[in-house]
Structures are given as structure tokens and as C-alpha cells.
Amino acid sequence: MRKLSLLALSLILLLSGCAPNFQKQENVVQTKEEAEEKAIIPKYNISDNYYRTILPFEPGEARGLIVGNINTRYDINEFETGLMRIAQHQFDPKTYLFREGQELKRNTVRLWLNRKFTQAQLTEEGLKEEENIGLNPLLEDGSDFQQGNNNSPIYLAHILEHNYLIKGENDTVKLGGVVIGLALNSVHYYRTAVGEPYFERKIEFAEMEREGKKIAEEVLKRLRAMKNLKDVPITIALFEQQSRSSVVPGTFFTYTNVDKGSSTINSWEPVAEKYFLFPSTEAQEEHRDDVTAFLNFKQDVEEYFPNFNGVIGRAFYIGDQFTDLDITIPIQFYGKSEAIGFTQYVTGLVLEHFPNYISISVSVTSVDGPEALIVRKANEAEPFVHIY
1 MRKLSLLALS LILLLSGCAP NFQKQENVVQ TKEEAEEKAI IPKYNISDNY YRTILPFEPG
61 EARGLIVGNI NTRYDINEFE TGLMRIAQHQ FDPKTYLFRE GQELKRNTVR LWLNRKFTQA
121 QLTEEGLKEE ENIGLNPLLE DGSDFQQGNN NSPIYLAHIL EHNYLIKGEN DTVKLGGVVI
181 GLALNSVHYY RTAVGEPYFE RKIEFAEMER EGKKIAEEVL KRLRAMKNLK DVPITIALFE
241 QQSRSSVVPG TFFTYTNVDK GSSTINSWEP VAEKYFLFPS TEAQEEHRDD VTAFLNFKQD
301 VEEYFPNFNG VIGRAFYIGD QFTDLDITIP IQFYGKSEAI GFTQYVTGLV LEHFPNYISI
361 SVSVTSVDGP EALIVRKANE AEPFVHIY
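Under the numbering used here, the first residue of the sequence shown is numbered 1, with each subsequent residue one higher.
It cannot be assumed that every hint is accurate.
[Stated by the list, open to error] Distance condition first, Cα-Cα at most 27 Å in a straight line; then the derived DSSO-like pairs of lysine-lysine:
(1) Lys202 / Lys116
(2) Lys174 / Lys230
(3) Lys174 / Lys227
(4) Lys260 / Lys274
(5) Lys167 / Lys274
(6) Lys94 / Lys116
(7) Lys43 / Lys167
(8) Lys213 / Lys116
(9) Lys260 / Lys167
(10) Lys274 / Lys377
(11) Lys105 / Lys128
(12) Lys43 / Lys274
(13) Lys128 / Lys167
(14) Lys167 / Lys214
(15) Lys128 / Lys227
(16) Lys221 / Lys174
(17) Lys260 / Lys227
(18) Lys128 / Lys260
(19) Lys260 / Lys202
(20) Lys214 / Lys116
(21) Lys202 / Lys94
(22) Lys43 / Lys94
(23) Lys202 / Lys128
(24) Lys43 / Lys116
(25) Lys128 / Lys116
(26) Lys202 / Lys105
(27) Lys116 / Lys227
(28) Lys214 / Lys174
(29) Lys116 / Lys221
(30) Lys202 / Lys174
(31) Lys128 / Lys221
(32) Lys213 / Lys167
(33) Lys221 / Lys260
(34) Lys105 / Lys274
(35) Lys167 / Lys116
Don't read these hints as lab results, they were simulated from the structure. These numbers were taken from a predicted model, which means no experiment stands behind them.
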């Protein structure tokens, strides 16, 4: 019994020595905004590409609205993570801390996403005159509904705010900058009544960009009128969201940095990021060699299961540089040994077909859920493999 106790104690000591010391990885600071309150900065950061977030977590004031306003889960994820990449041009992750947006209240965002209303429409909507602050164009009373929507589509789908805090003196943090993402529609969906089929109005890129920049100018003026945002740097980025049927996300295509105190947008910076579906005609035309490598990989997967042809990939490019590839393989297994053997085979194919400067993620799924995950980070020789 004593030997067992000593063994258990040794294991506890060993695990204690190996486990992260979270107490040592946190730093207590004070936040000074409306009132002082304690906050914690975790010292550990999983990547230089991610911001540390202060604790306790403060949910965004408009939290949850994004789910109903953005077309697909792919766009939701990219809208949020892509906005953080935009932020890094202005706010260094080594210096700044992240906090979800606290300045744009939930009702404010909802009102800004409305159309402009006529007086009759205001009454019908049950809104007051001061709530007629929609950033989308007016739909004229009495006009043909379909023609009106074609002439005046809804451009602005969602507004996302991120706050970036910076450490000051005496263990304080303060708001160091704000980044605003404006999600713009590439397709305007509308219908005459609930339960009726949707009509679609395609919005050309030049039109979307023009209207998005107009909206950004008005958003900047409104932000500067807010007490806490009068004198902080503001970045505004424009995001093109894809159609509801898209299996690849949209991307940010331009952004502007506005100096603290300024209410003027002087210039816009292009963002050269894009997702491609592998295989697809568009990808074949623009990145033939990369698609060929993917098709060779796909062919080898299909040789393992001859009647299977469900491999798809989502490729991410920054400029012409191929940086990330997410592959999904939905398949039906009839035993765990099949899943293990198949995963080992696919892992070998990843190493064989794709250069190591690309980050690769392969998700193997079945009707029962996820079966395996293969991850090979850029410039790493060995992948991480997990079988569920």
C-alpha cells in the first residue's frame, strides 16, 4: 500500500512539473475606461499571428448578430479571422491586446443595417425619426417591388467591431485602436413574402466596392461622434461575402487606416487574398500546377476506395503565393481498422504531393462525424495525426 502511495505521489509531482503554470502566465493589470476594474493578461500566446485576449472575457455588444447576417459558416469564420489579419497591419500583436467590440451597441448595429425609410415605412416599422439611420439605400414607396430591389439592392450585410488595447503606465490598459469590418453582399436576396421563393440580384464587384467605400465614409463620421472614439486610430476594411451556395469563403479586398482624430479617408490599401475551390474551372485557369497536384492526390485517394470521388479542397492565396489548403474527405468506414489504415495512407499522400511551404489540413469524416484529422504546418517535416 505504501509503495502504491509513493508511486501516486511521484506521479503527481511529475505531472505538476510538466503541466503549465497558469499562475505564472498571467499578469494583473487595471483597465481605465469608464471605471477601474481588474483584468488579466495571459502571458502565453499560441502564435505570433494571434492577439492575446484580456480576462475576464467581455462579449461583444452586438454578439450573435453575425449568424443571421452572413450567408455561410465559411464567411463567418473568414470575416472574423480575416479582420484580425487586417488589424496586424496597424496594431502589432506583440504590443496590442484584443477585446471584442464594446462601442457599437446591438441596437445600433441593427439600425445601421436597415434601409433608409420613408415616413410611411417608419410608421409601418414602428420606428422613431431618430432611428432612421440605415446605411442601405431607400426602397421607394409604391415602386414595383422586384424592380425596386434590383435598382436599390442591400449592399451592407453586417458590421463587426474589434477593439485593440495597449498597456499604459501603472499597470493600466486603454483603448489603442478600433478595427471595423463591413461585410458587403455580392448577391442581394429578397422575396415578396415569408414562405415565397427568393429572387437574386447579382452585385458586380465595381458597384459593391463603390458603395462600400461610401458607406465606410459615413461609418467613420458616426464613429468619431462617439465619446470613446473621438481620438483613437480607426481601421475600416471591406469584405466581399459569397453567395449562399458557395463552399469557399469570401475575402477582404481593401482597407483604410485613419489617424486618431481624423474624420477623413485619404486612401485605400488593396488586400490580395483569395480562396479557390479545388478542383474548379476558376482555379484551373489561375493556378494550373497547384490544381494538378491536388488532382493527383485526389486520384490516389480514389484508388484506395475505387467508387469514391468526394475529395474537395479550399485553397488560400495571398497574392500569387499558395499558403493554405484545407481538404475534406467524406467517406463511409465499416470498422476502426479501416479508418486507421486509410488515415495512414492519406498522410503519406500529403507528404508526397504537396510542397512543405504550404499548410495542409485534411479532415476525414463519415456519417457518424469526424474520423481523423491530419495537419501539416508550413515548413514542418512531420504532420500531426489524430484519429477520433
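Cross-check of the supplied hints:
1. Lys202 / Lys116: Satisfied, since the Cα-Cα distance of roughly 21 Å is no more than 27 Å.
2. Lys174 / Lys230: holds (14 Å)
3. Lys174 / Lys227: This hinted pair holds, its Cα atoms lying about 14 Å apart.
4. Lys260 / Lys274: violated (30 Å)
5. Lys167 / Lys274: Between lysine 167 and lysine 274 the Cα gap is close to 34 Å, so the pair fails against 27 Å, i.e. violated.
6. Lys94 / Lys116: violated (42 Å)
7. Lys43 / Lys167: holds (13 Å)
8. Lys213 / Lys116: holds (17 Å)
9. Lys260 / Lys167: It holds: about 17 Å lies between the C-alpha atoms, which stays within 27 Å.
10. Lys274 / Lys377: holds (20 Å)
11. Lys105 / Lys128: holds (18 Å)
12. Lys43 / Lys274: violated (33 Å)
13. Lys128 / Lys167: violated (41 Å)
14. Lys167 / Lys214: At roughly 34 Å apart (the allowed maximum being 27 Å), lysine 214 and lysine 167 break the hint.
15. Lys128 / Lys227: holds (23 Å)
16. Lys221 / Lys174: Judged against 27 Å, a Cα distance of about 22 Å means the pair holds.
17. Lys260 / Lys227: Holds, because 13 Å separates the two Cα atoms, which is no more than 27 Å.
18. Lys128 / Lys260: Answer violated: lysine 128 to lysine 260 is near 32 Å, above 27 Å.
19. Lys260 / Lys202: Violated: lysine 260 and lysine 202 sit about 37 Å apart, past 27 Å.
20. Lys214 / Lys116: The hint holds at about 15 Å.
21. Lys202 / Lys94: It is violated: about 41 Å lies between the C-alpha atoms, which goes past 27 Å.
22. Lys43 / Lys94: holds (11 Å)
23. Lys202 / Lys128: Between lysine 202 and lysine 128 the Cα gap is close to 32 Å, so the pair fails against 27 Å, i.e. violated.
24. Lys43 / Lys116: Roughly 46 Å separates the two Cα atoms, so the pair is violated.
25. Lys128 / Lys116: holds (12 Å)
26. Lys202 / Lys105: It is violated: about 31 Å lies between the C-alpha atoms, which goes past 27 Å.
27. Lys116 / Lys227: holds (25 Å)
28. Lys214 / Lys174: Violated. Lysine 214 to lysine 174 sits at ~30 Å, over the 27 Å cutoff.
29. Lys116 / Lys221: Measuring from Cα to Cα gives roughly 17 Å; hence the hint holds.
30. Lys202 / Lys174: Roughly 43 Å between the alpha carbons, so the hint for lysine 202 and lysine 174 is violated.
31. Lys128 / Lys221: Holds, because 21 Å separates the two Cα atoms, which is no more than 27 Å.
32. Lys213 / Lys167: Distance ~32 Å between lysine 213 and lysine 167 Cα, so the pair is violated.
33. Lys221 / Lys260: holds (13 Å)
34. Lys105 / Lys274: Distance of about 31 Å is beyond 27 Å: violated.
35. Lys167 / Lys116: Roughly 40 Å separates the two Cα atoms, so the pair is violated.
Hints 4, 5, 6, 12, 13, 14, 18, 19, 21, 23, 24, 26, 28, 30, 32, 34, 35 from the list above are not met by this structure, while the remaining hints are.
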